Amino acid sequence: MGTYAARRLLWLPFLLLIVTFVTFALLRVGPGDPVQVWLGQHQNDEVRARLRAQLGLDDPLVVQYVRYVEGVVTRLDFGESLRYRGRPVSELLSKRMLVSLQLNAAVVIITLGVGIPVGLFAGLKQGTGLDVVAVTIALVFQSLPVFITAPVLLLMFALKLDLLPASGWEGFFSPNIVMPALVMGVPGIAIVVRFVRASVLDVMAQDYIRTARAKGLAESTVQWRHILRNAMLPLWTIFGFTIAGLAGGTFIVEIYFGIPGVGLFAIESFFQRDYPVLLAIAVITTALFVLANLIIDVTYSLLDPRIRVGGGNVT
Amino acid sequence: MLPDRSGPPPHEHGHRQHTDDQLQGTDWSGNELGPSDREALDEGPSTGQSYLSLSMRRLMRKKVAVVCLSVIVLMYGGALLSPLITPYEYTAQDLSQSRAKPTLAHPFGSDRLGRDMLTRVIYGLRTTVIITVLSLLGGTLIMGVVLGLLSGYMGRWVDGLIMRTGEVTSSIPDIMLILIFVASLRPRFVGAVQAFEDATGIDWLLRLGIVDYAIISLGLSIFGWFGMARLVRGQVLQARESVYTEAALVAGSSTVRILRVHMLPNILSPLIVSISAGLGSVAGAELILSWIGIGVQPPVPSLGRMMFENGSIQVLRNEPHLIMFPIGTVTLLFLCFSILGDAVNDAFNPRAR
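Line order of the protein sequences matches chains A and B.
When we follow this note's numbering, the leftmost residue of the first sequence carries the number 1, and every step to the right adds one.
When we follow this note's numbering, the leftmost residue of the second sequence carries the number 1, and every step to the right adds one.
To be clear, the hints were calculated from the coordinates, so they are not data collected in a lab.
Don't take each hint at face value.
Claimed, not checked - Sample of chain A residues with no beta-carbon within 12 Å of chain B, all distances over it, derived:
#1 A6
#2 R28
#3 G30
#4 E170
#5 N230
#6 V262
#7 G263
#8 R273
#9 L302
Stated by the list, open to error - For the chain A half of the interface with chain B, some residues (derived, Cβ under 8 Å), not all of them:
#10 T23
#11 L27
#12 L82
#13 Y84
#14 I137
#15 V140
#16 L144
#17 F147
#18 V152
#19 Y256
#20 G258
#21 Q272
Bear in mind that the values here come from a model prediction, so they are computed numbers and not experimental data.
Glycine included, C-beta positions come from ideal geometry on N, C-alpha and C.
Generate the whole structure from the sequences, applying the supplied hints.
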């Protein structure tokens with residue numbers, strides 16, 4: 001167990017080095033010259049040459065790469081943004097990450113808050129019309145990408161029903177967050193519903209449920225204490241999928257609803273050729289992604305002692 | 001003599017008995033697990049049918065799946081034949097018809113420049129279809145199967161190299177890197193093709209957007225091969241230990257022959273399952289890329305770009321048909337992908353039931 005986690009953790013730095021190098025190299029061979037973008041209308045060959053030298057853009061690729069990695073590792077310095085002159089990337093990025101974090105937290109709350117009850121309900125009412133309806137709706141929504149649900153939900157909730165504000169960002173505790181979080185949560189809700197339903201059906205077939213009923217426990221006790229708690233365990237694994245899904249959905253949702261998070265920042269920086277920002281985003285999202293999956297794997301085996309990760313003994 | 005219509009034909013009668021006696025119940029989507037499931041399995045060995053054709057028959061018995069498959073075939077066919085079946089050119093403008101509501105002449109209405117929406121949706125579908133097929137052929141089929149076979153069969157450092165590379169591509173959020181990949185390499189690619197066109201006098205490569213199709217498919221393939229390769233590798237490792245592979249080796253079969261005759265058939269079913277599941281996700285990635293603006297470039301129509309341009313609240317309020325038709329098309333397609341994917345998984349992967 002410990003060795004498994006340690007092995008995956010040891011692998012992380014290499015993974016990050018590879019990802020940074022590929023991103024780094026791709027951005028350097030890509031079109032557009034950041035200095036040219038920077039100078040805007042005041043193009044001047046002399047100034048451009050001086051700036052390039054100053055930024056180290058004339059050095060060989062490998063030298064630039066090593067310098068970059070050294071800065072990140074020793075000083076957590078991701079360089080300076082080219083678009084926002086002279087401002088460190090880490091400062092710009094942390095503000096955006098806070099926004100994305102809040103949005104993702106809202107997505108998780110909505111996903112679980114809607115998905116678990118509906119899934120439980122469908123599972124307990126298995127075979128009835130309501131079950132079929134819930135499963136069908138879940139199937140439909142699971143297969144729909146974010147850029148389809150976004151306009152449809154916008155049309156429904158903002159234009160027709162006039163319930164929710166259509167766009168903008170005013171922090172976690174404003175109604176503005178509901179719409180984007182709902183849009184991002186829809187595929188996740190559908191997955192959770194189907195998953196919880198299957199899990200409930202699985203648990204309900206176990207002997208201890210029959211025992212609980214046989215010894216005369218109230219149906220609500222059976223449902224809450226025996227079925228619900230055991231059916232919730234596997235839910236933890238699909239957190240991994242949810243996080244993977246969030247990474248893709250963030251771009252679309254943040255652009256569509258004008259939310260100043262990492263996704264929107266990445267696209268803006270991308271079109272402005274702001275290399276340092278893009279690199280930092282690639283490195284940080286990869287690291288978070290891998291770490292999150294590792295944490296989920298490890299904690300899952302702690303939650304459910306029947307699971308053994310990596311084949312070793314639990315110490 | 002007139003046939004007796006009062007009872008079912010004799011062979012159908014036989015089916016009934018089968019059902020009543022032996023098999024009852026429904027699977028999750030409400031399809032009856034009909035008698036023929038059992039029958040197909042019973043008949044299998046005696047008539048010498050392959051496992052594949054049995055699975056195919058299991059699939060064809062699900063009505064919903066057949067409907068979905070027909071819809072997909074229809075949409076794919078229509079998309080590929082788009083120059084023949086569309087009523088207008090996708091660039092033909094009629095500014096007097098700008099943002100016109102649906103009429104008989106323009107069943108899906110017209111866009112801001114007065115271009116026929118039906119035509120543009122069909123051509124947009126063609127973009128999605130071409131890129132999906134290229135990516136699945138290149139990424140899943142060719143790269144995935146070849147690398148998986150190599151990895152499993154060669155073992156040692158080849159295996160290590162291929163598997164580690166795959167882990168890198170699958171453990172990072174892909175959209176971001178595909179974006180950087182496509183945007184960085186496209187200009188170089190376009191430059192090379194331009195040089196080629198100048199040298200040979202061919203002038204339709206760039207105009208038809210072939211360069212865009214190729215580079216986007218390449219980007220998607222790089223991030224799409226690993227699942228398949230891992231699966232193939234597992235099957236190969238399993239088959240390598242088996243007695244029949246040993247027998248073939250002893251009989252003097254070449255490596256290529258062993259791979260082709262003894263191992264490839266084993267992976268056909270999982271291959272079909274993973275391709276049917278991949279249809280939706282590859283199409284989704286293509287749509288995301290063109291939505292963001294990195295996909296095929298205008299004037300070649302793409303559904304993603306259409307949904308981005310017409311996604312604003314003003315359009316939703318005033319000309320909802322501009323976005324509802326592309327959305328409806330994509331929704332129908334994705335729904336069919338998803339249902340077909342589940343059905344294929346049920347039919348070809350009996351252990352998963």
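How the hints compare with the structure:
{"no.": "1", "hint": "A6", "in the structure": "17 Å, holds"}
{"no.": "2", "hint": "R28", "in the structure": "8 Å, violated"}
{"no.": "3", "hint": "G30", "in the structure": "3 Å, violated"}
{"no.": "4", "hint": "E170", "in the structure": "17 Å, holds"}
{"no.": "5", "hint": "N230", "in the structure": "21 Å, holds"}
{"no.": "6", "hint": "V262", "in the structure": "10 Å, violated"}
{"no.": "7", "hint": "G263", "in the structure": "9 Å, violated"}
{"no.": "8", "hint": "R273", "in the structure": "10 Å, violated"}
{"no.": "9", "hint": "L302", "in the structure": "22 Å, holds"}
{"no.": "10", "hint": "T23", "in the structure": "6 Å, holds"}
{"no.": "11", "hint": "L27", "in the structure": "6 Å, holds"}
{"no.": "12", "hint": "L82", "in the structure": "16 Å, violated"}
{"no.": "13", "hint": "Y84", "in the structure": "20 Å, violated"}
{"no.": "14", "hint": "I137", "in the structure": "12 Å, violated"}
{"no.": "15", "hint": "V140", "in the structure": "6 Å, holds"}
{"no.": "16", "hint": "L144", "in the structure": "6 Å, holds"}
{"no.": "17", "hint": "F147", "in the structure": "5 Å, holds"}
{"no.": "18", "hint": "V152", "in the structure": "7 Å, holds"}
{"no.": "19", "hint": "Y256", "in the structure": "7 Å, holds"}
{"no.": "20", "hint": "G258", "in the structure": "11 Å, violated"}
{"no.": "21", "hint": "Q272", "in the structure": "12 Å, violated"}
Of the numbered hints stated above, those contradicted by the structure are hints 2, 3, 6, 7, 8, 12, 13, 14, 20, 21, listed in ascending order.
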